[in-house]
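K.L.:
Keeping their order, the protein sequence lines are chains A and B.
The first sequence begins at 1 in our numbering and counts up by one.
The second sequence begins at 1001 in our numbering and counts up by one.
Take these hints with a grain of salt, some might be off.
DEER-style ranges, computed between Cβ atoms [unchecked claim]:
{"id": "1", "chain 1": "B", "residue 1": "Pro-1006", "chain 2": "A", "residue 2": "Leu-59", "range": "39 to 47 Å"}
{"id": "2", "chain 1": "A", "residue 1": "Lys-60", "chain 2": "B", "residue 2": "Pro-1006", "range": "42 to 50 Å"}
{"id": "3", "chain 1": "A", "residue 1": "Gln-30", "chain 2": "B", "residue 2": "Arg-1079", "range": "22 to 30 Å"}
{"id": "4", "chain 1": "B", "residue 1": "Asp-1140", "chain 2": "A", "residue 2": "Asp-24", "range": "31 to 39 Å"}
{"id": "5", "chain 1": "B", "residue 1": "Arg-1072", "chain 2": "A", "residue 2": "Gln-56", "range": "39 to 47 Å"}
{"id": "6", "chain 1": "A", "residue 1": "Ile-23", "chain 2": "B", "residue 2": "Pro-1002", "range": "26 to 34 Å"}
{"id": "7", "chain 1": "A", "residue 1": "Ile-23", "chain 2": "B", "residue 2": "Gln-1018", "range": "23 to 31 Å"}
{"id": "8", "chain 1": "B", "residue 1": "Pro-1002", "chain 2": "A", "residue 2": "Gln-63", "range": "19 to 27 Å"}
{"id": "9", "chain 1": "A", "residue 1": "Gln-64", "chain 2": "B", "residue 2": "Gln-1018", "range": "20 to 28 Å"}
Hints listed in this document are in silico derivations from the structure and should not be mistaken for laboratory results.
Every residue gets a Cβ at the ideal spot worked out from N, C-alpha and C, and that includes glycine.
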Amino acid sequence: MAHQLAIENAHITADVVEVSEFIDLAQRYQVQGVPKTVINDRAEFTGALPEPRFIQEVLKALQQKPEKKQ
Amino acid sequence: MPLISPEDRRTLETLFAQELQDDVTITYFTQRESVMTVRGQECATCKDTRELLEEVTAISEKLHLHVKDFVRDEQEAQRLGITHIPAFILQGHARGTVRFFGSPAGYEFSTLIEDLLDVSKGTTTLNEKTREALSKVDQDLHIQVFVTPT
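Just need the whole structure built from these sequences, with the hints factored in.
P.N.:
Encoded structure:
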C-alpha cells in the first residue's frame, strides 16, 4: 500500500525492504515482526493495516515534529 | 532454467497485454558479477534479482530494464537514494518514488507486478476516501516497509 501512496502523491517516497537481506537495517529499525512500517524515521507500526488505518498513521506522522537536535 | 515458470509467464503475458498502459522503466542497481567475491562485499541475491527482472521485463515491450553498477554509477545511485543493493526503482507515471530493496521474491513478486501496472497508468486501486486523505500530504514523507520473503 505504501507504493500505491507514492504512485499517487509526489511528496511520498516508498521503499519495500526485504529485511533478511539487510541485517544492518533490521537492527537499525529494530524489526522484530513484519511487515513493519517506518515513516520519516520517527513513526512506526507493525502488522498489515487496512487502508483507512494505514493512511491515518501516515497523516499522524505528518503532524509529528522532528525531534529537536541537542 | 528460468525463474518464472512457463505457466506464470503466460499469465503475465495476458495480464500485461490487457493492463499495461504506458512504458515503465526499472532502474536496477547491482554490483559487477565476478567469479571472485570480496569478503564482506558479497551480494547474495544480486544475480537472481537481475535475472528475475530480465525475465519480467522481457514479457512486454512496454517494460524496460536499465542495469546500473552501484559503484561505477555512484552519483546516480545517490541521486535516486539507493543506499543498499540489490535495489531498483520504478519509473513511469508514478508521482512519487517507488523503490524496492532486496529481491522481490515470494509475496513481493505480486507487489512488483501490481506496481508495474499502477506505474504504467499513474493510478491505483486506493479508494476515494484514502485519496482524499492523501491529498493532505503536502510535505515530503519517507515510508519504509520491512518485509520477509514468504
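K.L.:
Any of the earlier hints contradicted here, and which numbers?
P.N.:
Of the numbered hints given earlier, those the structure breaks are 4, 7, 8, 9, listed in rising order.
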